[in-house]
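A.B. asks: Residue numbers (my numbering), protein chains in the order written: chain E, 1 to 257; chain R, 1 to 355; chain W, 1 to 293.
Simulated from the structure, these hints should not be mistaken for lab results.
Be aware that a few hints might be false.
[Claimed, not checked] Here are the simulated DMTMM-like cross-link-like pairs (lysine to aspartate or glutamate), alpha carbons at most 20 Å apart as the crow flies:
id : chain 1 : residue 1 : chain 2 : residue 2
1  : R       : LYS129    : W       : GLU291
2  : E       : LYS134    : E       : ASP199
3  : E       : LYS94     : W       : GLU6
4  : E       : LYS94     : R       : GLU333
5  : E       : LYS109    : E       : ASP127
6  : E       : LYS72     : E       : ASP24
7  : E       : LYS20     : W       : GLU291
8  : W       : LYS183    : W       : ASP173
9  : E       : LYS94     : R       : ASP215
10 : E       : LYS94     : R       : ASP261
11 : E       : LYS72     : W       : GLU291
12 : R       : LYS332    : R       : ASP310
13 : R       : LYS129    : R       : ASP213
14 : E       : LYS17     : W       : GLU291
15 : E       : LYS190    : E       : ASP127
16 : E       : LYS17     : E       : ASP214
17 : E       : LYS130    : E       : ASP140
18 : E       : LYS20     : E       : ASP59
19 : R       : LYS227    : E       : GLU116
20 : E       : LYS17     : W       : GLU130
21 : E       : LYS190    : E       : GLU180
22 : E       : LYS244    : E       : GLU180
23 : E       : LYS244    : E       : ASP199
[Claimed, not checked] Covered stretches of chain W, as calculated for chain R (at least 3 residues, CB under 8 Å):
id : region
24 : 79-93
25 : 136-148
26 : 266-276
[As the list claims (entries may be wrong)] Residues of chain R clear of chain W, computed beta-carbon distances all greater than 10 Å:
id : residue
27 : TYR23
28 : ALA36
29 : PRO102
30 : VAL112
31 : PHE195
32 : LEU281
Ideal Cβ positions, reconstructed from N, Cα and C, are used throughout, including at glycine.
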Amino acid sequence: MGATPLLELQRISLSFKGVKAITDISFTVEQGEICALIGPNGAGKSSLLNVINGVYQPDQGLIGFNGQRYQKMQSHQAAVQGIARTFQNIALFKGMSVLDNVLTGRNLKVKSSWIEQAFHIGRALADEIKQRQKAEEIIDFLRINQWRNSIVGTLPYGLQKRVELARALASEPRLLLLDEPMAGMNREEKSEMSAFILDTQREFGTTVVLIEHDIGVVMGLSDHVVVLDYGKKVGDGTPDEVRKSPEVIAAYLGTTH
Amino acid sequence: MIYRESGQFITSYQADHRIFKLYQQRWAFYALLGFAFVIVPFIGNDYWFSAILIPFLVLSLAGLGLNLLTGYAGQISLGSAAFMAVGAFAAYNFQVRIEGSPLLVGFVFGGVAAAIVGVIFGLPSLRIKGFYLLVSTLAAQFFVTWVLTQFGWFSNYNASGVISAPSLLILGHDFSSPAGRYLLTLGVVTVLAFFARNIVRSELGRHWMAVRDMDTAAAVIGIPILKTKLLAFAISSFLLGIAGALWAFTYLGTVEPHGFDLSRSFQILFIIIIGGMGSILGNFLGAAFIVLLPILLSNLSANFLAGVVDPGQLENLQKIIFGALIIFFLIKEPNGLARLWQLFRERARIWPLRF
Amino acid sequence: MEFFLEVLTGGLLAGLMYSLVAIGFVLIYKASGVFNFAQGSMVLFSALTFVSLLERGVPFWVSFAVTLLTMIALAWAIERVVLRPLVNRPPITLFMATLGLSYIIEGVAQAMWGAQVHGLELGISDAPLEIGGMLLSQFDLFSAATAGILVLFLSLLFNKTRIGISLRAVADDQLAALAVGIKLQRIWMIVWAVAGFVGLVAGLLWGARLGVQFSLSLVVLKALPVLIIGGFTSIGGAIVGGLIIGASEKLAEVYLGPIIGGGIENWFPYVLALLFLLVRPAGIFGERAIERV
Ligand SMILES: Nc1ncnc2c1ncn2[C@@H]1O[C@H](COP(=O)(O)OP(=O)(O)OP(=O)(O)O)[C@@H](O)[C@H]1O
Ligand SMILES: [Mg+2]
Numbered sequence: 001m002g003a004t005p006l007l008e009l010q011r012i013s014l015s016f017k018g019v020k021a022i023t024d025i026s027f028t029v030e031q032g033e034i035c036a037l038i039g040p041n042g043a044g045k046s047s048l049l050n051v052i053n054g055v056y057q058p059d060q061g062l063i064g065f066n067g068q069r070y071q072k073m074q075s076h077q078a079a080v081q082g083i084a085r086t087f088q089n090i091a092l093f094k095g096m097s098v099l100d101n102v103l104t105g106r107n108l109k110v111k112s113s114w115i116e117q118a119f120h121i122g123r124a125l126a127d128e129i130k131q132r133q134k135a136e137e138i139i140d141f142l143r144i145n146q147w148r149n150s151i152v153g154t155l156p157y158g159l160q161k162r163v164e165l166a167r168a169l170a171s172e173p174r175l176l177l178l179d180e181p182m183a184g185m186n187r188e189e190k191s192e193m194s195a196f197i198l199d200t201q202r203e204f205g206t207t208v209v210l211i212e213h214d215i216g217v218v219m220g221l222s223d224h225v226v227v228l229d230y231g232k233k234v235g236d237g238t239p240d241e242v243r244k245s246p247e248v249i250a251a252y253l254g255t256t257h
Numbered sequence: 001m002i003y004r005e006s007g008q009f010i011t012s013y014q015a016d017h018r019i020f021k022l023y024q025q026r027w028a029f030y031a032l033l034g035f036a037f038v039i040v041p042f043i044g045n046d047y048w049f050s051a052i053l054i055p056f057l058v059l060s061l062a063g064l065g066l067n068l069l070t071g072y073a074g075q076i077s078l079g080s081a082a083f084m085a086v087g088a089f090a091a092y093n094f095q096v097r098i099e100g101s102p103l104l105v106g107f108v109f110g111g112v113a114a115a116i117v118g119v120i121f122g123l124p125s126l127r128i129k130g131f132y133l134l135v136s137t138l139a140a141q142f143f144v145t146w147v148l149t150q151f152g153w154f155s156n157y158n159a160s161g162v163i164s165a166p167s168l169l170i171l172g173h174d175f176s177s178p179a180g181r182y183l184l185t186l187g188v189v190t191v192l193a194f195f196a197r198n199i200v201r202s203e204l205g206r207h208w209m210a211v212r213d214m215d216t217a218a219a220v221i222g223i224p225i226l227k228t229k230l231l232a233f234a235i236s237s238f239l240l241g242i243a244g245a246l247w248a249f250t251y252l253g254t255v256e257p258h259g260f261d262l263s264r265s266f267q268i269l270f271i272i273i274i275g276g277m278g279s280i281l282g283n284f285l286g287a288a289f290i291v292l293l294p295i296l297l298s299n300l301s302a303n304f305l306a307g308v309v310d311p312g313q314l315e316n317l318q319k320i321i322f323g324a325l326i327i328f329f330l331i332k333e334p335n336g337l338a339r340l341w342q343l344f345r346e347r348a349r350i351w352p353l354r355f
Numbered sequence: 001m002e003f004f005l006e007v008l009t010g011g012l013l014a015g016l017m018y019s020l021v022a023i024g025f026v027l028i029y030k031a032s033g034v035f036n037f038a039q040g041s042m043v044l045f046s047a048l049t050f051v052s053l054l055e056r057g058v059p060f061w062v063s064f065a066v067t068l069l070t071m072i073a074l075a076w077a078i079e080r081v082v083l084r085p086l087v088n089r090p091p092i093t094l095f096m097a098t099l100g101l102s103y104i105i106e107g108v109a110q111a112m113w114g115a116q117v118h119g120l121e122l123g124i125s126d127a128p129l130e131i132g133g134m135l136l137s138q139f140d141l142f143s144a145a146t147a148g149i150l151v152l153f154l155s156l157l158f159n160k161t162r163i164g165i166s167l168r169a170v171a172d173d174q175l176a177a178l179a180v181g182i183k184l185q186r187i188w189m190i191v192w193a194v195a196g197f198v199g200l201v202a203g204l205l206w207g208a209r210l211g212v213q214f215s216l217s218l219v220v221l222k223a224l225p226v227l228i229i230g231g232f233t234s235i236g237g238a239i240v241g242g243l244i245i246g247a248s249e250k251l252a253e254v255y256l257g258p259i260i261g262g263g264i265e266n267w268f269p270y271v272l273a274l275l276f277l278l279v280r281p282a283g284i285f286g287e288r289a290i291e292r293v
């Protein structure tokens with residue numbers, strides 16, 4: 001584990017029109033670990049990810065990332081800092097091909113200007129080919145070659161989830177936020193997706209924060225688990241510690257997932 | 001339309017980035033261009049040049065301009081004609097006020113002026129979305145035509161309000177004949193179509209489509225939303241501005257604001273709906289359709305329905321047909337004629353091996 | 001001051017006429033999420049049908065009833081032919097479909113009834129009336145009263161009838177409404193028919209003022225800024241928006257016109273609406289929701 005944590009949330013609170021979605025949450029995520037966020041529906045898990053990468057602005061608290069502190073993140077700033085993201089309800093660019101979606105993930109690496117691109121001069125072609133090579137590597141890595149030129153909106157749900165992961169990975173992120181990457185998948189697809197996430201962590205050293213309802217998957221995958229309930233943190237530790245914690249058991253009693 | 005691609009493999013990313021991946025396609029395209037540039041000027045007659053080919057080309061360019069903004073970047077606009085008007089008047093004033101200035105530079109100046117106005121009316125797009133944005137583009141539509149009629153300076157204090165366009169001289173060559181105006185228009189439109197095609201296939205084109213499909217996700221992956229939208233407004237208006245200048249200089253021969261009213265904006269929107277949103281070819285198909293349909297209808301009724309349909313009704317009939325076609329395309333083929341053409345080509349590629 | 005008040009009141013009353021058109025919009029938007037550009041042509045179509053019947057010697061109320069039936073038939077046809085096949089398509093597609101619709105309706109209206117201007121006499125004198133020292137048009141007062149009655153009628157319809165209640169359920173949450181067995185398609189047809197009725201009333205008042213002619217369909221362009229200011233989903237908003245646009249447009253025409261030149265009423269409402277939007281991106285009454293992802 002690194003000396004300073006990659007992500008450090010300090011006393012984050014968020015409300016929508018007076019209704020509290022997140023109350024005073026703090027925790028840290030170390031470099032290179034896989035951290036799982038769990039909790040019942042409406043606990044505030046997605047909202048927390050949205051705060052981390054600037055989709056929502058918190059009412060209070062500080063976000064520490066990579067040694068910097070932010071009162072609030074802007075989406076663009078988060079992307080520049082190396083935070084990538086997938087969404088609970090797939091947010092792909094539905095009218096574009098798989099390849100183009102993955103290429104958009106590399107937008108911050110593109111060096112040539114639009115004028116160079118429009119006239120095919122200067123760095124344009126070399127740049128495009130370089131981005132294309134990187135994108136193809138990711139496509140190979142996630143084994144979606146076959147659908148490279150398909151329009152994303154026409155693909156089945158499970159594949160779309162994978163394309164969304166590919167788009168996030170294309171940016172070579174330091175921190176990867178995954179919102180229910182395995183929702184709606186069968187056992188086989190889930191283990192395949194888990195393998196991709198583990199491979200990502202091992203091969204690229206990416207730190208991962210993921211939300212998942214399947215406790216079995218969570219326990220097998222993560223180094224660190226944070227439990228939310230009604231917008232509050234009720235557990236934080238290794239999978240084994242969390243499993244034994246009475247608050248966590250209470251939060252999960254009576255809810256079926 | 002029978003062609004085969006056996007043995008043609010794409011072996012590099014560079015080759016895969018080409019517009020036409022099969023050499024048959026490339027040949028066919030160059031042959032078409034050659035035909036349009038070399039043969040048509042000799043075989044066409046004045047009626048074809050002035051009433052069909054020139055308006056077709058100019059409207060294709062206008063459609064292309066709007067398509068970049070609406071079809072690619074997802075920002076709906078009802079103000080296209082206003083940007084055309086800015087282009088026409090800017091090019092005109094450039095010619096009139098700067099002695100001996102080159103014609104093509106005037107066109108570019110018209111495009112740049114339109115781009116600036118486009119960016120101004122595009123600025124609200126950061127705060128307002130969807131239908132609310134219609135207001136900004138309609139404000140452009142009404143405000144611009146008002147300014148151009150209200151202040152005599154723009155029409156060089158011409159009392160009649162109808163100004164003849166300056167002569168069409170490029171490097172001493174006179175392009176004033178119908179064939180010359182056709183060639184000039186074709187040249188400008190071809191260059192700009194390549195420019196647009198390069199853009200939509202580049203990084204900027206991907207940014208536009210990303211913003212169109214899901215702007216929150218686009219922001220999250222680091223695409224600068226404001227810059228992307230404003231570039232869409234700027235480049236779209238640039239093309240529309242040049243289309244406006246061509247409309248005034250090579251098609252009508254006169255410069256006046258009334259030709260650029262709201263119904264022109266609708267016409268351009270219809271071109272992209274019928275032709276196909278998010279397609280370059282679609283603008284040409286849609287424009288051809290819009291130019292040819294009225295001619296076809298009036299010929300049909302003159303030849304077969306003489307006396308049955310009176311000419312006044314023809315206009316109503318045309319409106320009904322356009323309206324119905326728009327609804328038909330939206331329901332049956334939202335990607336327009338361009339998609340139909342693509343399907344047809346795919347058929348042709350595997351013909352006769354259907355299955 | 002006297003003159004100012006007179007201009008202001010005149011503008012407010014004229015603004016209510018804009019509201020009338022805007023209300024038709026709001027009804028359809030609330031129930032089906034469709035931004036109906038064809039509302040203006042529906043105004044034209046109903047007024048033209050009514051006038052043409054009247055000119056052929058059909059009595060007033062019979063013409064009214066026949067026109068209303070025509071509007072209901074139109075609503076039925078629109079639901080069947082346009083809305084149903086386009087269900088679940090993006091809003092922008094539906095909007096463009098209503099553009100096509102407006103072309104069809106205008107074409108049919110003019111093919112059927114001709115393109116000349118028809119005078120429409122509702123029997124209300126346009127002689128100015130002096131109230132509290134101000135000269136006000138009787139006709140404007142009459143249209144204002146009509147607008148008031150119409151709004152009252154609509155709120156009764158929405159709050160007291162079963163149809164109205166299902167309609168509000170649909171506006172609140174389409175999926176939930178479907179789940180409790182409300183038939184969306186029937187609701188849409190009814191809403192379009194009601195919007196047709198509102199269009200008829202607006203068409204009669206506008207027609208009596210401007211003459212029944214093609215330009216009547218352009219009132220939709222005036223209703224648009226009204227909607228923007230008032231928000232797309234609030235009838236109250238449509239009224240307030242109409243008042244704001246009507247009043248400021250008249251004031252601008254009278255006080256700003258001489259300085260910067262005539263004809264500013266063409267664009268002034270749009271620029272005003274745009275300024276409003278920059279301050280309140282969802283209109284005065286709309287609440288800006290934070291997008292969920
Ligand atoms: N954009 C928003 N506007 C208003 N309320 C919101 C918004 N986003 C989230 N909420 C509310 O905040 C609370 C937390 O929601 P959130 O989506 O973060 O929960 P979650 O833990 O991800 O639940 P799930 O497991 O169902 O995905 C909920 O009550 C939700 O209704
Ligand atoms: Mg969630």
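A.B. asks: So, for every hint listed, does it hold in this structure?
C.D. replies: Taking the hints in turn, this is what the structure says about them:
1. R:LYS129 - W:GLU291: holds (12 Å)
2. E:LYS134 - E:ASP199: Cα-Cα ~17 Å, so holds.
3. E:LYS94 - W:GLU6: Measuring from Cα to Cα gives roughly 55 Å; hence the hint is violated.
4. E:LYS94 - R:GLU333: The given pair, whose Cα atoms are some 17 Å apart, holds under the 20 Å limit.
5. E:LYS109 - E:ASP127: Holds, because 9 Å separates the two Cα atoms, which is no more than 20 Å.
6. E:LYS72 - E:ASP24: holds (15 Å)
7. E:LYS20 - W:GLU291: It holds: about 17 Å lies between the C-alpha atoms, which stays within 20 Å.
8. W:LYS183 - W:ASP173: holds (13 Å)
9. E:LYS94 - R:ASP215: holds (12 Å)
10. E:LYS94 - R:ASP261: Between LYS94 (chain E) and ASP261 (chain R) the Cα gap is close to 35 Å, so the pair fails against 20 Å, i.e. violated.
11. E:LYS72 - W:GLU291: At roughly 18 Å apart (the allowed maximum being 20 Å), GLU291 (chain W) and LYS72 (chain E) satisfy the hint.
12. R:LYS332 - R:ASP310: Given that 20 Å is the threshold and the Cα spacing comes to 32 Å, the pair is violated.
13. R:LYS129 - R:ASP213: holds (13 Å)
14. E:LYS17 - W:GLU291: holds (13 Å)
15. E:LYS190 - E:ASP127: Status violated; Cα separation ~36 Å.
16. E:LYS17 - E:ASP214: violated (31 Å)
17. E:LYS130 - E:ASP140: holds (15 Å)
18. E:LYS20 - E:ASP59: holds (10 Å)
19. R:LYS227 - E:GLU116: Answer holds: LYS227 (chain R) to GLU116 (chain E) is near 17 Å, not above 20 Å.
20. E:LYS17 - W:GLU130: violated (49 Å)
21. E:LYS190 - E:GLU180: holds (11 Å)
22. E:LYS244 - E:GLU180: violated (23 Å)
23. E:LYS244 - E:ASP199: violated (28 Å)
24. 79-93: holds (count 8)
25. 136-148: This one is violated; 0 residues, fewer than the three required, reach chain R with a Cβ under 8 Å.
26. 266-276: Held - the region 266-276 of chain W has 6 residues with a Cβ nearer than 8 Å to chain R, which meets the minimum of three.
27. TYR23: holds (37 Å)
28. ALA36: Check passes; 31 Å lies beyond 10 Å.
29. PRO102: holds (34 Å)
30. VAL112: Label holds. Min Cβ-Cβ 24 Å, cutoff 10 Å.
31. PHE195: holds (26 Å)
32. LEU281: holds (20 Å)
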